[in-house]
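Heads up: the sequence lines are chains R and H, in that order. For what it's worth, this note's numbering labels the leading residue of the first sequence as 1, then goes sequentially. For what it's worth, this note's numbering labels the leading residue of the second sequence as 1, then goes sequentially.
Just so you know, these hints were derived from the structure itself, not from any lab. Model, not experiment: these values are computed from the prediction. Glycine is no exception: its CB is placed at the ideal position from the N, C-alpha and C atoms. Misleading hints may appear alongside valid ones.
In silico lysine-lysine, DSSO-like type, Cα no more than 27 Å apart, as pairs [said to hold, decoys possible]:
1) R:LYS35 with H:LYS275
2) H:LYS279 with R:LYS20
3) R:LYS35 with H:LYS63
4) R:LYS33 with H:LYS275
5) H:LYS307 with R:LYS33
6) R:LYS77 with R:LYS318
7) H:LYS294 with H:LYS310
8) H:LYS280 with R:LYS20
Take a look, some chain R residues computed to stay more than 12 Å from chain H by CB distance [stated by the list, open to error]:
9) GLU11
10) THR28
11) ARG73
12) PHE93
13) PRO129
14) PRO158
15) LEU169
16) PHE180
17) PRO185
18) LEU235
19) HIS339
To list a few chain R residues with every Cβ distance to chain H over 10 Å, as calculated [to be verified]:
20) MET61
21) PHE182
22) ASN184
23) THR216
24) THR231
25) LEU263
26) LEU266
27) ALA326
28) VAL341
29) THR345
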Amino acid sequence: MEYLGQMSDNELRAARFHRKRKKRMDDTEVLLKIKDFLLIFTSIFYEALPFIVLGALIAGMLEEFLPGSLLARIFPKSAAIGVFTGGVLGLIFPMCECGIIPIMRRLLRKGLPLSSCIAYLLAGPVINPIVLFSTFMAFSGMEDTLLSDGRSQWGAIPMTLARAVGAYLVAVGTGLLVHFLFPNPNQVLVQGVGDTQREGSDIKPKDFWSRLDRITGVAVHDFLDIAFFLTLGALLSAGIRLFLTQDEISALSDTWPILSIGLMMLVGFILCLCSEADAFVAASFVKMIPAAKLSFLVFGPMMDLKLLLMYTRIFKPKLITTIIIAVAIQVFMYMAITHFVWWSTSTQTTTGQSQAVSDERKQP
Amino acid sequence: MSETPKPSFSLPMTGTDSVQPDHCAQDPVHSNHGHGQLQTEILMQAILCGCLGLVGVFLYWGKKVEIILATKFHLWLLAGSITLVILAFLRIISVWRLTTAGKAMDAGCCNHGDHHHAHQNCDHPDHNHNDHAHETPGCGDHGAGCDHGHSHAYEPVKAVVLMIPVGLFLLNLPNTSFAAVQALDLNQVEISSNVADRGTENNVSFLQLERAAQREEARQLYEGKTVALVGQFGGNDEKKFTLIRFKMNCCAADAVPLKGAMFVDPKAPAKIDHKVWNKKWVKVRGQVQFIKMKDGTFITALVLRPKDDKDLNGDWIQETIPDSIYLQN
Chain R
1 MEYLGQMSDN
11 ELRAARFHRK
21 RKKRMDDTEV
31 LLKIKDFLLI
41 FTSIFYEALP
51 FIVLGALIAG
61 MLEEFLPGSL
71 LARIFPKSAA
81 IGVFTGGVLG
91 LIFPMCECGI
101 IPIMRRLLRK
111 GLPLSSCIAY
121 LLAGPVINPI
131 VLFSTFMAFS
141 GMEDTLLSDG
151 RSQWGAIPMT
161 LARAVGAYLV
171 AVGTGLLVHF
181 LFPNPNQVLV
191 QGVGDTQREG
201 SDIKPKDFWS
211 RLDRITGVAV
221 HDFLDIAFFL
231 TLGALLSAGI
241 RLFLTQDEIS
251 ALSDTWPILS
261 IGLMMLVGFI
271 LCLCSEADAF
281 VAASFVKMIP
291 AAKLSFLVFG
301 PMMDLKLLLM
311 YTRIFKPKLI
321 TTIIIAVAIQ
331 VFMYMAITHF
341 VWWSTSTQTT
351 TGQSQAVSDE
361 RKQP
Chain H
1 MSETPKPSFS
11 LPMTGTDSVQ
21 PDHCAQDPVH
31 SNHGHGQLQT
41 EILMQAILCG
51 CLGLVGVFLY
61 WGKKVEIILA
71 TKFHLWLLAG
81 SITLVILAFL
91 RIISVWRLTT
101 AGKAMDAGCC
111 NHGDHHHAHQ
121 NCDHPDHNHN
131 DHAHETPGCG
141 DHGAGCDHGH
151 SHAYEPVKAV
161 VLMIPVGLFL
171 LNLPNTSFAA
181 VQALDLNQVE
191 ISSNVADRGT
201 ENNVSFLQLE
211 RAAQREEARQ
221 LYEGKTVALV
231 GQFGGNDEKK
241 FTLIRFKMNC
251 CAADAVPLKG
261 AMFVDPKAPA
271 KIDHKVWNKK
281 WVKVRGQVQF
291 IKMKDGTFIT
301 ALVLRPKDDK
311 DLNGDWIQET
321 IPDSIYLQN
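Only chain R is shown next, with the shape it has when bound in the complex (with noise of 0.2 Å):
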């Protein structure tokens, strides 16, 4: 106060307007901020609306169309077996990662195994032809980016590869773990959801009303089901990310090349991006080493905000909470591989070509 009385009247006028000033862009702030919140919000959920509805609708047709024991005889017996084949299924069931959840909530009902459904649903979302060809297109070219230490990065064909069988390998793996760990799948699920069909009691609607009431009664069910997830999910996301920005991702990727694999699979935890759209994000990393690319293609896809919310529909916590760990575990340890394969090769790459313009310059 003493200060202030001090001030001449014009120098308390300039020193009131500015602080008027920094008060109205500090607001002018806050509401572009929550502006690009509602943005990422509306978008993360109408773009997954649509296979959500899909999803919900396959899955009141699985409901009531395939015979429960059907699944059962053409399946394979083996557990092992079933594991691998769930891994590939989203090859033939092409579903991004929120559709796919409705759909193997009513294959788990129609009695496919618990670990098959895991392998298919951490599988399926990246093994797919739509997105291993978006992978691919992602990444052309960009073989000839050299990081800043002079190591180029990997182009299509290697980064779709070991997308692809980083994310088989994760999901059967967990599959198989989830197969010996829980051998009876009832404990492990939410209540109803591991009541398969039983053949005889169930008394199948005859007239078409009935059967159109049983269908659309599954497909609003399961859509509200999962559009409520997945809108608590979008606001997490989009919330988190008004904090975390491209630019800061990729600083702290620069500062700690290793740890950015850890880094990218909460990155991928946290935004939530459609498997589809995911490979264009990681491409624009240019900086980034390629295994820490690779981590966010692969955790990203099985296990982010609005899907954890999801799993709370099927899955318990016990399993949700062994998913979580099994996953993290071994797409960190095989980015690890990823990453001493890459910086073997890369080096031989980057001593090759310099031998060749050493030998280019010795030339006449």
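Start from chain R and add chain H according to the hints.
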């Protein structure tokens, strides 16, 4: 038989979830299940689906979808939304049809007609409905919010959360693309004064230059050429600013900002009227340079060479309306 099931890991059911636990003791054949309430709940579920579907259709119709989704997803959203509306309509029709046909109980959200609680065979003294086998898929999905093992309620919490997108649409939000984007820090960035003029190149996009910046040969291909780029103005300097354009693959959540550094030739006397241009969509003409940043990456820069202020703020920088908000792969 009398063991109470553990609650599932789900949000608590609220509101109308609690179907009276003793209702079946009064009427073991389910006639007192509250059909009116059940129908209201099914109706609410269907209306919620219909509302979300209609919002999707209106987003497409009003072209607001362009703000949030890439072009390839526009038809997906329309198809999904129409399907949702149809689904809601069919749900209402089927329930109404079955109700009027005297099969109201069969029309429940989990098709009670298809499974057996076997009430006729027990006297219910020491157990609740959870002890009965739900033989129909669809039952029991609702968690353990009530003695039934599942809920028939439309669940107000869910309804409120799912109405958020509807509410935002009614509030006309979101109505712009990204707003809070930081301009490049160009304080210690300098342009080269000895880049040869290599003529004008039309039809060069922001995306092409962004990609070219990553590769040595491509940089050589474009450097020195005069091009025009479209983006949003950012910055408050009289001699330099950032041109910002977002690249989108699927939706706004995966949009990546492309930032170009725009410099007025230091020899030119003209100054940028940044208060007029700030945040506006502009078309900028300039000579391409690629500037190496501290972290080793290259950014695209344009050098503007105007005669005077008027030339700069009317010819080299022009206000424009972009063909689309985002650049798409």
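Taking the hints in turn, this is what the structure says about them:
no., hint, verdict
1, R:LYS35 with H:LYS275, "holds (22 Å)"
2, H:LYS279 with R:LYS20, "holds (22 Å)"
3, R:LYS35 with H:LYS63, "holds (18 Å)"
4, R:LYS33 with H:LYS275, "holds (21 Å)"
5, H:LYS307 with R:LYS33, "violated (38 Å)"
6, R:LYS77 with R:LYS318, "holds (26 Å)"
7, H:LYS294 with H:LYS310, "violated (34 Å)"
8, H:LYS280 with R:LYS20, "holds (25 Å)"
9, GLU11, "holds (25 Å)"
10, THR28, "violated (9 Å)"
11, ARG73, "holds (18 Å)"
12, PHE93, "holds (18 Å)"
13, PRO129, "holds (16 Å)"
14, PRO158, "holds (18 Å)"
15, LEU169, "holds (26 Å)"
16, PHE180, "holds (22 Å)"
17, PRO185, "holds (14 Å)"
18, LEU235, "violated (8 Å)"
19, HIS339, "holds (20 Å)"
20, MET61, "holds (12 Å)"
21, PHE182, "holds (15 Å)"
22, ASN184, "holds (15 Å)"
23, THR216, "violated (4 Å)"
24, THR231, "violated (5 Å)"
25, LEU263, "holds (17 Å)"
26, LEU266, "holds (16 Å)"
27, ALA326, "holds (18 Å)"
28, VAL341, "holds (23 Å)"
29, THR345, "holds (21 Å)"
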